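Combine the two chains into a complex, taking the hints into account.
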Amino acid sequence: MLNRTLNISTSPHIVKGLGTDDIMQNVVWALLPVAIFAVYSFGISALMVLVATTAACVLTEHFLCRFSKKESTISDWSAAITGLLLGLTLPPNFPVWMAFVGGVIAIALGKFIFGGLGYNVFNPALVGRAVLQAAFPVAITTWYPAFLEGRFSAVSSSTFTVPFMEPTVDAITGATPLSAFKFDQVITPASDLALGLITGSTGETCALLILLGGIYLAARKMMNWRIPVAILATVYVLSGILHLIDTQAYPPPLFMLFSGGLMLGAVFMATDMVASPITPLGVVIYGFIIGLLVVVIRIWGGLPEGVMYAILLANAISPHIDNWIQPRVYGTSKTAKAS
Amino acid sequence: MGLFNFRKSTFKHGVHPPEHKEDTNGLPIRQFPFAPLIILPMSQHIGAPSQIVVREGQEVARGQLLAKAGGYVSVPLHAPISGTIRKIANVPTISGKMSVGIYLEAFPASSQEVMEGTPIDVETATAGEILQGIQDAGIVGLGGAAFPTHVKLKVPEGKTCDVLMINGIECEPYLTTDHRVMLEQAEDIFTGIKYLLKATGAERAIIGIEANKQDAADHLENSIPAGAPVSVQVVPVKYPQGSEKMLITSLLGREVPSGGLPIDVNVVVVNVATTAEIGRLLPHGRGIQERVVTITGPGVKKKGNYLIPIGTPLRYVLDQVGVDEQISEVYMGGPMMGVAVSNLDISIVKGTSGIVVFAEKDVKRPEKVYPCIKCGACVDACPISLNPSKLGILAKFEAYDEMAEAFHLMDCFECGSCSYVCPSHIPLVQYFRLSKSIVRKRNASKQSS
Chain A
1 MLNRTLNIST SPHIVKGLGT DDIMQNVVWA LLPVAIFAVY SFGISALMVL
51 VATTAACVLT EHFLCRFSKK ESTISDWSAA ITGLLLGLTL PPNFPVWMAF
101 VGGVIAIALG KFIFGGLGYN VFNPALVGRA VLQAAFPVAI TTWYPAFLEG
151 RFSAVSSSTF TVPFMEPTVD AITGATPLSA FKFDQVITPA SDLALGLITG
201 STGETCALLI LLGGIYLAAR KMMNWRIPVA ILATVYVLSG ILHLIDTQAY
251 PPPLFMLFSG GLMLGAVFMA TDMVASPITP LGVVIYGFII GLLVVVIRIW
301 GGLPEGVMYA ILLANAISPH IDNWIQPRVY GTSKTAKAS
Chain B
1001 MGLFNFRKST FKHGVHPPEH KEDTNGLPIR QFPFAPLIIL PMSQHIGAPS
1051 QIVVREGQEV ARGQLLAKAG GYVSVPLHAP ISGTIRKIAN VPTISGKMSV
1101 GIYLEAFPAS SQEVMEGTPI DVETATAGEI LQGIQDAGIV GLGGAAFPTH
1151 VKLKVPEGKT CDVLMINGIE CEPYLTTDHR VMLEQAEDIF TGIKYLLKAT
1201 GAERAIIGIE ANKQDAADHL ENSIPAGAPV SVQVVPVKYP QGSEKMLITS
1251 LLGREVPSGG LPIDVNVVVV NVATTAEIGR LLPHGRGIQE RVVTITGPGV
1301 KKKGNYLIPI GTPLRYVLDQ VGVDEQISEV YMGGPMMGVA VSNLDISIVK
1351 GTSGIVVFAE KDVKRPEKVY PCIKCGACVD ACPISLNPSK LGILAKFEAY
1401 DEMAEAFHLM DCFECGSCSY VCPSHIPLVQ YFRLSKSIVR KRNASKQSS
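Heads up: the sequence lines are chains A and B, in that order. Going by the numbering used here, the first sequence opens with residue 1, and the numbers climb by one from there. Going by the numbering used here, the second sequence opens with residue 1001, and the numbers climb by one from there.
Same shape as in the complex, but just chain B (with noise of 0.2 Å):
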């Protein structure tokens, strides 16, 4: 870095909603109870469904393989819990879709031990061993994306990978997931490192931290094992710090290009939890099982940070910390970019981070759209310097072409920070949504004729 190289250690822009996160952050992780009939779709992660290898009847063990990948941008199924396959049928999901799903009936007097496959060890094994042993544990994204993480960490042929990122931001409010993990799980985190960075060919590793969470940051910052090359780098509160590209540009300086990836960048970003699921599960060639979940909003009585088996159906989770009469919306994942939820039947799935509960005082929802006056605020807002004012005018004229071509719209990765400053109350971030996938439908048409 030259002398004259100043650079800000955070992003542009950016918002500060309320954090809420103190309802959890001091609450050690507990067991959940096991549900007594879970359910699990096939599409929990971004790509190919897995591709079931279970019949109906059939008795399962704790760990035991029940859908293999579905291809290469696609990861299996583990049994979270012994059982019985009750049925394999459409199960529902949290897009309002029918997926193809089993049910997984518990043993009541099963002893719930975990089935080992082959392990990986982490000094002997080759970079390609590691993300097929990431693949076989069904490791997503656990920070929501629940992207397969073996095809985020394969750096493709003639780039490279200097340093290799944990994100520990969580910026969302009321999450308090990563907080807890990082606090608790420092020595898986720091096997998972070992694995990633071998998996990359990094030569170190950076966890990136915001500074409300400067406990964890100790903690991790004195556990660092001797030698290994990680450091701890704490970054101011806001959001969406969390977002890959943002802390690309928080912690290096660098930005990632216009439709790029962070490895164009020499970045690979893993979240801090699939890094303690990956240093926790290779060493015994396990498959993911449970995820750590944090359980609040005003709406919840035992708010916490609990381990809950995935397929848990959520009704059988408000059930058991009990929810406010006047439930009225249930986010999966934070507040800002979460996915209210429909139907209480569906279940935590491995990109579950957190459940948000609102009785009906906590919503509150403006009334009235007023017309954009320009005020700026959402050009004050973007963490890429996008101008929503005009994009959302564009977008009520329907003029998608021209928001992709001269407004960047494509770059947009829906973190809803304008929506969230609008006085006005538009749904900036909605008409976003709309207008890129109604540009994404465009493209292929045209490609495809």
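Only chain A is shown next, with the shape it has when bound in the complex (with noise of 0.2 Å):
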């Protein structure tokens, strides 16, 4: 036995063993009961929305891995994550061929001509959901209630627009709290806010079940705390001193922190590895930047929401924040001790 050949290998000989695939797996089981819940309130819809935006990902990540004659990646889980991602920032109702584009895009614009997993600049689902916005304007604004009833026999009638036809506005549609608070200044309690009983994107209503999946990955260490930390300490303090000044003219903290797609962006879609910094100082200037942007354009901004820009600048700046923020190594501080 002592013939037999050896295997050489550098060290180190062991590994921890946690693998990327591993990583992308666990955040689509975080994202789940999301989905599940969006389903649960918006119905067959939804999940029309949810198959077609993660159904394009994955064929679009497929077929340019074989056009380009390299091997395939889905199998690391990334273009799904983004699949669902997207599909949970959109309307319920949204007309399925749209999802499919914006998921075609999110995957070829946003990620695979950056050169794939680990390359891409921005948040690709992120980058599929602004194109739609800037593509269909009147449909990615316009909201089907929760809870309607019939909502698992029928679809919405915008559901199945044929292509490039103008989607059937239904004749039920509902204001989101931030549409409703920027126009009618109306304040929906956040104890609804919190257990998504509103009107709103399919995975932007339940902020307490996109809390529980980000306590479960930042506790297998498999997304950075420190961002949605930042992000929401720093909505909180912001538009808690503007409450403060004015609280006819500016909705009160909480408020702002349950509404919209804050919770989902700064969980889900901030913490995308590849898009933010890599220091613990770095992400932290990276969140403070999200949050000062998201209370910016959504209180002095046209739009009632600005998570999904405030994520994408922030990406953009991310490359920066590295270069600048270094971690001081070993033996090259100024006050170590030479006594």
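Don't read these hints as lab results, they were simulated from the structure. Source: prediction; values computed, not measured. Heads up, some of the hints might be wrong.
Said to hold, decoys possible - Not everything, but these chain B residues come out facing chain A in the computed CB check (under 8 Å):
#, residue
1, 1157
2, 1327
3, 1337
4, 1376
5, 1379
Claimed, not checked - Each computed EDC-like pair below joins lysine to aspartate or glutamate, with the alpha-carbon atoms no more than 16 Å apart:
#, chain 1, residue 1, chain 2, residue 2
6, B, 1097, B, 1113
7, A, 16, B, 1367
8, B, 1446, B, 1401
9, B, 1301, B, 1367
10, B, 1368, A, 21
11, B, 1368, A, 71
Said to hold, decoys possible - Label-pair ranges, simulated between beta-carbon atoms:
#, chain 1, residue 1, chain 2, residue 2, range
12, B, 1369, A, 66, 14 to 24 Å
13, B, 1223, A, 2, 36 to 46 Å
14, B, 1364, A, 183, 17 to 27 Å
15, B, 1398, A, 63, 24 to 34 Å
16, A, 183, B, 1398, 52 to 62 Å
17, A, 66, B, 1090, 37 to 47 Å
18, B, 1398, A, 2, 49 to 59 Å
19, A, 7, B, 1159, 53 to 63 Å
Ideal Cβ positions, reconstructed from N, Cα and C, are used throughout, including at glycine.
Now the structure itself:
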């Protein structure tokens, strides 16, 4: 037996064993409760949207790899995350064909042209959503109310719109808490927001489930908890100060935290490892920038919601943050004692 | 220490690989049988090779000088067994290169009594005499680095050593050599410390031990000779706690400057097994002939801590302890920083602290390398706060100068924590080893031109 050929390898000869695919898979598990709640509250229309975006992302990734004569990378699960995330940011009654186009764009323009997993500058799902918002401004701001009777037996009239045709605007639409505030100065109670008893995009209504998913990932060290904490703290403090200045003009901080896409964005989008900084101080700065932009856009911007643009802008700054903020290397401090 | 000078009792970052020490840490050190033929390379240490002073066919006694030091940064080599010099020729070494060496055939009937030289009396000897005695005994760092100990102990002109640090950390998984030495050779350790305090001029000595060896810490604590300026300090279990720089930070809160040595912060660090060897050999003027080696790993049948003559071929060692039929990988040293062996005809050398054997089923090599997803696991692992993710990307682009100048590549001491944690299984530390050697070559050619 001592004549067997030995394998040689470079040290370390043992590895921790947690793989990139494991991390991605766990993000999908963490998103599933959010997706299930979306289907529960919005019915099959929401399911259609989620299936369309996820399928579009996975298929696009697969075929783009094949066309460029590379091994398909769908087994790393990252395309599935992009698809799910994109679907969760869209209104539940969003036309399926548009959702599919968004998924294709998210992977092709948001990820693949940069070189695939690990090289994307922006969160691919948000790239897809940004393009959809520019292309279909009406469809993406028309919301179907939650908990409609018959949501499991029929889809919304806009779900199966024929491609390139104007979607039929539903007779029943609802205002999201943010647009209700922006345009009608109506504040939705924070408890309704946290529990998801509201109108909104498929995955943005139940803040509690999103937080639970985030806590699960953070506990397993698969997500940098500093990012959501920095974002939410910044939004809370800034909007809190504004609310103190004028309780009529500015919404209460809890409303700001739990409304719109902030939770989903802070916990699942801004934490895209590739598009966020790598150092502990860097991510805090990054989170602060996102929080600041969210408050500025929501309160002074023309749009009711600003999470998407805030994260995309911060993604763009993130490589620069990494260049500015480098950890202090052992033994290089001026205060290193030589006594 | 001021009121506001709180310092943590350990270094920043690091990793926690499974320890696997329970297989051997309860097993007392046992004498290993003498191999019929031993193989002694002349380059068992860092520095110039030893110079052979015997000829083929000559009969030598155990402990007799076989080769003298080849310079200041070099040590002599003594006969680990009594026997006949069979051949002086190239011998295989772990690096894969051949090195000049001696094949020594054992006398089957010899008493294996050890030859003694001039004893060094710790009470009367000067620092210089002790350093000379340490070199003459052929002592190098037994923790694995195999750097000549007398060179390390020599406090340069204009510098002082206030603390002598005895390294009993043994943070590599699987290895229990130092653990057993501390439990069984306390007297030698304290004698060694006496020599070392005198050689360095340090006022006190601290023995640093990881919390997973509390029994050894208690035993040493109770064995401190009356009045000896020695203390035992237990530090948290964390890899690479045993690295000199990390240990100095953990025990004293001092930070060795980038590119500097422990003496720059008035510290000299010596491995605990090396210390015991000094305490055992110098009073008799003997040379080092054997060392304690942990033979372990899931592929080994009779695991244990063995006292093995230097030069015993690995093939003989594994034959004696028995290995799994599906033997696949053999490491000299621990699994984090040890070197994979390609040839079982190499031998146990002075720096061999352990042999770890993995059978095929034990090797869990990730099949797939993913792109870096910038998760930051390596940044959180690096004990000296480098950015391995960035360095890895730069290495791919062969931006070696930028790695060295802007990202402190040359401070990396190759502990492997980054590769260990990387979820994308990028061989980061291997990139850095290559990059460092390229930078060193470039710098050398710059200087010579």
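Hint check results:
The beta carbon of residue 1157/B is not positioned within 8 Å of any beta carbon in chain A (closest approach about 16 Å), and the interface hint is therefore violated. Below 8 Å, beta-carbon pairs count as interface contacts, and residue 1327/B has one with chain A at about 6 Å; its hint therefore holds. The closest approach between the C-beta of residue 1337/B and any C-beta of chain A is roughly 5 Å, which is under the 8 Å cut-off, so the hint is satisfied. With a least beta-carbon distance of about 5 Å to chain A, the hint placing residue 1376/B at the interface is held under the 8 Å criterion.
Interface hint status for residue 1379/B: upheld, as the beta-carbon distance to the closest one in chain A is roughly 5 Å, under 8 Å. For a cut-off of 16 Å, the pair hint linking residue 1097/B to residue 1113/B is broken: about 34 Å separates their Cα positions. Of the pairs offered as hints, the one joining residue 16/A and residue 1367/B holds, with about 14 Å between alpha carbons and a cut-off of 16 Å not exceeded. Of the supplied pair hints, the one linking residue 1446/B and residue 1401/B holds, its CA atoms being roughly 13 Å apart against a limit of 16 Å.
For the proposed pair residue 1301/B and residue 1367/B, the alpha carbon gap of about 28 Å is over 16 Å, so the pair is violated. Proposed proximity of residue 1368/B and residue 21/A is supported: the alpha carbons are some 10 Å apart, at most 16 Å. Annotation: proposed proximity of residue 1368/B to residue 71/A holds, straight-line Cα distance about 12 Å (limit 16 Å). At roughly 20 Å, the beta carbons of residue 1369/B and residue 66/A sit within the given window of 14 to 24 Å.
One distance hint, 36 to 46 Å for the beta-carbon pair residue 1223/B and residue 2/A, holds here, with the actual separation near 41 Å. Hint check: residue 1364/B to residue 183/A, Cβ distance near 58 Å, so the stated range 17 to 27 Å is violated. Between residue 1398/B and residue 63/A the beta carbon distance is about 33 Å. The supplied range of 24 to 34 Å therefore holds. The beta-carbon spacing between residue 183/A and residue 1398/B, approximately 56 Å, falls within the hinted interval of 52 to 62 Å.
Between residue 66/A and residue 1090/B, the C-beta spacing of about 53 Å breaks the proposed range 37 to 47 Å. Distance hint for residue 1398/B and residue 2/A: a CB-CB separation of about 40 Å, inconsistent with the stated range 49 to 59 Å. In this structure the hint that residue 7/A and residue 1159/B lie 53 to 63 Å apart at CB is violated, the actual value being about 45 Å.
Of the numbered hints given earlier, the model fails hints 1, 6, 9, 14, 17, 18 and 19; all others are met.
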